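Protein chains: 2
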Amino acid sequence: MRGAVLYAPGEIHVEDRPDPTIEHPTDVIIRLAATCVCGSDLWPYRGIAAVDGPAPMGHEYVGVVEEIGDDVRTVRPGQFVVGSFFASDNTCEICRAGYQSRCVRAESVGAIGTQAQYARIPLADGTLVATPEPPPDDLVPGLLAASDVLGTGWFGAVAAEVGPGRTVAVVGDGAVGLLAVLAARQLGAERVVAMSRHEPRQKLAREFGATDIVTERGDEGVARIKELTRGLGAHSVIEAVGTQESMMQAVRSTRPGGHVGYVGVSHGVALPGQELFFAEVHLHGGPAPVRRFLPELIELVCTRTIDPGKVFDLELPLDEAAEGYRAMDERRAVKTLLRP
Amino acid sequence: MRGAVLYAPGEIHVEDRPDPTIEHPTDVIIRLAATCVCGSDLWPYRGIAAVDGPAPMGHEYVGVVEEIGDDVRTVRPGQFVVGSFFASDNTCEICRAGYQSRCVRAESVGAIGTQAQYARIPLADGTLVATPEPPPDDLVPGLLAASDVLGTGWFGAVAAEVGPGRTVAVVGDGAVGLLAVLAARQLGAERVVAMSRHEPRQKLAREFGATDIVTERGDEGVARIKELTRGLGAHSVIEAVGTQESMMQAVRSTRPGGHVGYVGVSHGVALPGQELFFAEVHLHGGPAPVRRFLPELIELVCTRTIDPGKVFDLELPLDEAAEGYRAMDERRAVKTLLRP
Chain A
1 MRGAVLYAPG EIHVEDRPDP TIEHPTDVII RLAATCVCGS DLWPYRGIAA VDGPAPMGHE
61 YVGVVEEIGD DVRTVRPGQF VVGSFFASDN TCEICRAGYQ SRCVRAESVG AIGTQAQYAR
121 IPLADGTLVA TPEPPPDDLV PGLLAASDVL GTGWFGAVAA EVGPGRTVAV VGDGAVGLLA
181 VLAARQLGAE RVVAMSRHEP RQKLAREFGA TDIVTERGDE GVARIKELTR GLGAHSVIEA
241 VGTQESMMQA VRSTRPGGHV GYVGVSHGVA LPGQELFFAE VHLHGGPAPV RRFLPELIEL
301 VCTRTIDPGK VFDLELPLDE AAEGYRAMDE RRAVKTLLRP
Chain B
1 MRGAVLYAPG EIHVEDRPDP TIEHPTDVII RLAATCVCGS DLWPYRGIAA VDGPAPMGHE
61 YVGVVEEIGD DVRTVRPGQF VVGSFFASDN TCEICRAGYQ SRCVRAESVG AIGTQAQYAR
121 IPLADGTLVA TPEPPPDDLV PGLLAASDVL GTGWFGAVAA EVGPGRTVAV VGDGAVGLLA
181 VLAARQLGAE RVVAMSRHEP RQKLAREFGA TDIVTERGDE GVARIKELTR GLGAHSVIEA
241 VGTQESMMQA VRSTRPGGHV GYVGVSHGVA LPGQELFFAE VHLHGGPAPV RRFLPELIEL
301 VCTRTIDPGK VFDLELPLDE AAEGYRAMDE RRAVKTLLRP
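Chains A and B are the protein sequences, given in the same order.
Using the UniProt record's numbering, read the first sequence as starting at 1 and increasing by one per residue.
Using the UniProt record's numbering, read the second sequence as starting at 1 and increasing by one per residue.
Just so you know, these hints were derived from the structure itself, not from any lab.
Treat each hint with caution, since some may be false.
[Stated by the list, open to error] Derived contacts from chain B toward chain A, CB cut-off under 7 Å, selection only:
1) 97
2) 99
3) 102
4) 256
5) 269
6) 277
7) 280
8) 284
9) 286
[To be verified] Listing some non-contacts, in silico: residues in chain A with all C-beta distances to chain B over 12 Å:
10) 8
11) 23
12) 33
13) 54
14) 56
15) 71
16) 77
17) 107
18) 132
19) 134
20) 137
21) 139
22) 186
23) 211
24) 212
25) 228
A quick note: this is a predicted structure, and the numbers were derived from the prediction, not measured.
Cβ coordinates follow ideal geometry from the N, Cα and C atoms, glycine included.
The task is simple: from the sequences and hints, build the whole structure.
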């Protein structure tokens, strides 16, 4: 099969790789209908995170079940399925508490690599959710978004305790930040402030339900959020970048007693304890337990209640993955969908 | 009147100070029935926090209302009252959300100094809660504890989402940590693990409801908590110290999706963002909004349901405050009660 491999920073090659096989009786093999490039793929692509030898890439996926292991009970060949970037048994105490991304048996799908024609998905019963019927082609991007960026933005909104009557600020205008805007709106927020200085992303944020746009960053961005909230700060702030500046912007934009939900993969961040203490906000975040939200998100997409697939503004054949990475790296594209 | 003043690290003098007077129509003057020395008073006493000129000390207090300003409506002369270390209006949006310690009009009672015979309490209607009747003398220590250490331990437990079925670990065996044990038990925790290596404090922790004692600290302490929780970590961890070691011990002792409630005043702490991200815990804490809990705590003390006054293991006349500080600094006493 064909699959994308990162050899060194900036060096993505799509090449022939061995077809995956069932390794454990709880595995399934899926044929990818679509996959994509994640903002977090850019960390190793840019050389900020280490590249550990030639690495298969990709952890977002939707596709059709081709083959199932002997112990698989809940999905069957021919079904269209959506899964998350962490395989989970969905039965352990941590999964049952809603933290499937930290399942005691969690396996990284990223290590397997889904920017490929086929992929082995471990712990299939606990990881995959089938759509009610095979989706029409125009719903595939939305379902693919559910696999990570929508699920991650949704978790950010849940972690930030978004709800009716709340004013929500979103730090970060990548795919996750934009879909956090959508999530905040779906979860009933009264006011959703997107923090973005890029006109096309502002437009998408508005389409997803942003009521206000703030273009300022850092202390000026914080001051603008305070102005919009009678000096108090937002009830809920979703952080979708992962840098020191974005985390502090999130903490400082939140009112005392308010909630920061952080889903940007943290790079080089050190949170000052004393400031955090006196800020008196709630902090929660991490790798999104997307599996928790998949049934609901699939239903919202399949009923066309939401259209998160709009975040894909570039679609390429898998063999052109390298251009997909480049376009995102140069911010020419918000998110690249790849067709195997 | 007599009052304690800190001149320099280690130098506490009880001296004649001017009697307080009503400065704003929302003030009251109370005659202190009891006051005490706080663990946080030791930071400037030890020279770790700056001493800013001769500073009146003390922010914990119970007493009898002597005089009220013209706008005071809810307390009257002769009533026995308990208040918190932040005066609050209890009507602003932040107070109504339960964060009176961050009231938009918050005033620090510590700047006024309650280790004295009399004190002016600002924003009296929003700050003070009267007992149903003047309490018998043996309840005074418990009510004084409610003013800060009990309220702070309670907030730690609430911030850590303690509840039925939960396993709770408490990092820190000072008065706040010990009363966090009591709070966890009252809030229905199934198992409460006190982390302490001091035998008399272990004993008090047991009296307050600890089911387990862990004497190890740091990584070994974390390993013991993991052992007690089938490798997962505690559901709720209350941090009541404020150092880098204690914060990391708290974060690492918490299971994914679990809650850290931190109430130790933070000194020199920097939280590593990446570890926090992948730990996937909830963090909440800060200066306790004691006022939120006072009505409930006063009732629990007055009905003799709890006896938080046991944390006072040294009682001295106000004029001997210096010895009270020394005894706590040298860990000869858990907490010193002062009788003006």
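We went through each hint and held it up to the structure:
1. Because the closest C-beta pair between residue 97(B) and chain A is about 5 Å apart, less than 7 Å, the hint holds.
2. Taken as an interface hint, residue 99(B) checks out: its beta carbon lies about 4 Å from the nearest beta carbon of chain A, inside 7 Å.
3. At its closest, the beta carbon of residue 102(B) sits 3 Å from a beta carbon of chain A; the interface hint therefore holds under the 7 Å criterion.
4. Because the closest C-beta pair between residue 256(B) and chain A is about 3 Å apart, less than 7 Å, the hint holds.
5. About 3 Å separates the beta-carbon of residue 269(B) from the nearest beta-carbon of chain A, less than 7 Å, and the hint is met.
6. At about 4 Å, the closest approach between the beta carbon of residue 277(B) and any beta carbon in chain A falls short of 7 Å, and the interface hint on this residue holds.
7. Because the beta carbon of residue 280(B) sits about 3 Å from the nearest beta carbon in chain A, less than 7 Å, this interface hint is met.
8. A distance limit of 7 Å between C-beta atoms decides the matter here; for residue 284(B) the minimum to chain A is near 4 Å, and the interface restraint holds.
9. Proximity of residue 286(B) to chain A holds as hinted, the smallest CB-CB distance being about 3 Å (cut-off 7 Å).
10. No Cβ of chain B approaches the Cβ of residue 8(A) within 12 Å, the least distance being about 23 Å, so the stated non-interface status holds.
11. With a minimum CB-CB distance of about 25 Å to chain B, residue 23(A) clears the 12 Å threshold, and the non-interface call stands.
12. Separation of residue 33(A) from chain B is adequate, the least Cβ-Cβ distance of about 30 Å exceeding the 12 Å criterion.
13. Against chain B, the non-interface label of residue 54(A) holds: every CB pair exceeds 12 Å, the least being about 25 Å.
14. Under the 12 Å C-beta cut-off, the non-interface status given to residue 56(A) relative to chain B holds; the minimum distance is some 22 Å.
15. Every CB of chain B is more than 12 Å from the CB of residue 71(A) (nearest about 24 Å), matching its label as outside the interface.
16. Every CB of chain B lies more than 12 Å from the CB of residue 77(A), the least distance being 33 Å, so the non-interface label holds.
17. No Cβ of chain B approaches the Cβ of residue 107(A) within 12 Å, the least distance being about 15 Å, so the stated non-interface status holds.
18. Every CB of chain B is more than 12 Å from the CB of residue 132(A) (nearest about 29 Å), matching its label as outside the interface.
19. Against chain B, the non-interface label of residue 134(A) holds: every CB pair exceeds 12 Å, the least being about 34 Å.
20. The Cβ of residue 137(A) sits about 35 Å from the closest Cβ of chain B, beyond the 12 Å cut-off, so the non-interface label holds.
21. At the 12 Å boundary, the C-beta of residue 139(A) stays outside the reach of chain B, the nearest C-beta of that chain being 30 Å off.
22. For residue 186(A), the shortest C-beta to C-beta distance to chain B comes to about 22 Å, beyond the 12 Å cut-off, and the non-interface label holds.
23. For residue 211(A), the non-interface assignment is confirmed: its Cβ lies about 20 Å from the closest Cβ of chain B, beyond the 12 Å cut-off.
24. For residue 212(A), the requirement that its beta carbon stay farther than 12 Å from each beta carbon of chain B is met, with the minimum near 19 Å.
25. A cut-off of 12 Å between C-beta atoms confirms that residue 228(A) is not in contact with chain B; the least separation is 14 Å.
Taken one by one, the earlier hints all hold for this structure without exception.
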